[in-house]
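> Sequence:
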Amino acid sequence: MAKLRTVPAPADPLIADVNSIFFAGTERVYGQVNPALFQRLQALAIDPEQPFYDEGNPASATHLKLLDRIEADGLGNKSDYALHSFRQEGRTSMQVVVATPSVAPAPFCADFDIDLGNPLQDVEGFVTHIGELAFGGETDHLDLRRKLAKGAMKQFLYYTVA
1 MAKLRTVPAP ADPLIADVNS IFFAGTERVY GQVNPALFQR LQALAIDPEQ PFYDEGNPAS
61 ATHLKLLDRI EADGLGNKSD YALHSFRQEG RTSMQVVVAT PSVAPAPFCA DFDIDLGNPL
121 QDVEGFVTHI GELAFGGETD HLDLRRKLAK GAMKQFLYYT VA
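Numbering follows the working numbering, in which position 64 of the sequence shown is assigned residue number 64; successive positions increment by one, without gaps.
Honestly, the hints are just simulated from the structure, not real lab data.
Label pairs and their computed distance ranges (CB to CB):
no., residue 1, residue 2, range
1, D80, P10, 31 to 39 Å
2, A11, K78, 30 to 38 Å
3, N57, G90, 20 to 28 Å
4, F22, A59, 18 to 26 Å
5, S79, L116, 30 to 38 Å
6, D68, A9, 29 to 37 Å
7, P48, A11, 14 to 22 Å
8, M1, R91, 15 to 23 Å
9, G74, A24, 17 to 25 Å
10, D47, T26, 27 to 35 Å
11, P105, D47, 30 to 38 Å
12, Q39, V103, 12 to 20 Å
13, G74, A43, 30 to 38 Å
Think of the CB as a built atom: it goes at the ideal place given N, C-alpha and C, for glycine as much as any other residue.
Required output: the full structure, derived from the provided sequences and hints.
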């Protein structure tokens, strides 16, 4: 959640487009979001400075769990949604997978996750991300606290790990 308060800039964070959180795990959170979040991410992906990359459909089956949760929580039918993945540039990059509904009044939803590397940005990010997938399983955000506390997110981390 701290990442959402600081990206793409602390003065204009993505969290402004998050209506509610309906799932929180140690590796990701799911939320109902404004349609404007999808539009913002598309705009950030075509920005010449590339604060986000448009990945298209997410490659990992992990992101299909968002659709399962949408259906289980009675928010809509998973067959009525398309998934679109966006990845923030840099290390400890946030991946946002937006579920866009094809029928109204189904809500827009999103899967927010932090990865250690961005596989689309450079070779180091690619190797780091492949290592996460091959050996690390899910990225535990509680384990990332020390790294996250060194940057802009410091003031938004409201927990300690004992």
